[in-house]
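Student: The lines below spell out each chain.
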Amino acid sequence: MDPVSGFTSIHMDAIKEVGNIGTGNAATALSRLLGRVVEMDVPVAELVPIYDIPARYGSPETPVCAVLVRTDGNFSCSLIFMIEEDKAETLADLISPLDLSGMDEETQRQIRDSALSEQGNIILGAFLNALSVITGWVLPTTAPAVARDMLGSIMDLAASMFGVIGESALLVRTNLTVKGLDKELGGTLIMIPDPGSLEALLSKLGVL
Amino acid sequence: MPQPVHVGMADLVVSKHPAHLVTLGLGSCIGLVIYDQLSKTVGMVHIMLPDSREAKDIPKPGKFADTAVPLLVGELIRLGVNRSQLRAKMAGGAQMFSMPGKTSAIFAVGARNVEATLKMLATENVRLVAQDTGGSKGRSVEFDSDTMKFTVKTLGSGTKEL
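Residue numbers (this note's numbering), protein chains in the order written: chain A, 1 to 208; chain B, 1 to 162.
These aren't lab readings, by the way, just hints derived from the structure by calculation.
Since the model is a prediction, treat every value here as computed from it, not as a measurement.
With a straight-line Cα cutoff of 16 Å, these simulated EDC-like cross-link-like pairs (lysine to aspartate or glutamate) come out:
{"#": "1", "chain 1": "B", "residue 1": "LYS60", "chain 2": "A", "residue 2": "ASP52"}
{"#": "2", "chain 1": "B", "residue 1": "LYS149", "chain 2": "B", "residue 2": "ASP132"}
{"#": "3", "chain 1": "B", "residue 1": "LYS137", "chain 2": "A", "residue 2": "GLU85"}
{"#": "4", "chain 1": "B", "residue 1": "LYS60", "chain 2": "A", "residue 2": "GLU167"}
Generate the whole structure from the sequences, applying the supplied hints.
Tutor: Below you can see the structure in the form of structure tokens.
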């Protein structure tokens with residue numbers, strides 16, 4: 001049987017709670033970094049048919065900026081912080097002390113990518129720290145990787161990882177919103193656990 | 001132009017002329033078209049993974065390169081096309097994130113998709129006439145049965161026709 005679709009509501013609640021604690025820590029970290037209030041939604045843990053993933057979080061052709069880190073230890077997963085490209089620029093500029101306006105486009109992009117990569121690293125690292133505290137596991141993380149591309153192309157990753165074992169993916173999703181700016185500024189944090197590592201997590205949490 | 005038909009993940013569509021087939025936001029996945037220029041019979045499949053051998057069941061054969069290519073060829077032949085007339089064009093198979101070290105193997109599924117699709121086309125004796133694969137950028141593709149043009153769109157670097 002498809003191992004993921006065999007999960008019951010107890011399992012899903014436990015995974016959602018992990019998402020809740022992780023995102024809480026991530027929101028706090030982003031708030032400290034920006035010196036602003038950051039609001040988070042209640043995380044959603046959901047089983048999504050893999051074929052629906054590219055259109056699940058918006059139009060598949062929406063230009064987004066995504067920062068990804070992975071942990072490979074007792075629990076392995078990919079974490080993505082994704083933000084629409086025009087909003088990503090605003091977010092990057094919040095921590096950049098430089099005035100980019102006179103620079104050429106390529107230099108601007110590199111500086112912003114670097115700022116976003118650092119923000120993503122802090123947000124996602126905070127998420128994993130919380131997970132490490134709950135489980136007692138050491139969760140070493142990779143350096144962040146940044147991609148600017150179509151939403152659907154980015155989320156192919158989740159679809160193909162879960163596609164190997166079955167027809168559904170288990171994803172945990174939360175929206176983070178930075179308050180006090182003229183324009184609403186928010187991104188989505190998505191946890192993509194490696195399909196084979198969920199059992200270890202659930203048994204550590206005592207629900208399997 | 002006919003209404004565009006969206007070919008979602010693991011979907012497989014074949015059609016007689018006129019047809020306009022579209023797949024949006026390919027990352028590591030493959031958009032493969034096989035067509036017969038004479039009868040203007042066309043088909044597209046959105047391949048996600050290279051190999052079905054580890055799958056326990058296969059509800060959508062379009063998902064894997066090794067099941068998708070023979071099925072697409074079979075469906076076209078069923079519509080009356082001569083196998084020797086078939087030509088193929090493909091795009092996709094990017095690696096969206098690059099990371100140092102062993103973790104990158106997980107992200108290299110795009111390259112394996114390309115390799116497996118090429119191998120299956122050779123096995124099925126279908127000649128590949130154009131491809132735009134690999135790299136690190138996502139693609140949207142369109143195929144029109146009137147012109148047999150395969151249009152590949154990439155964010156930032158525009159559109160090309162294969």
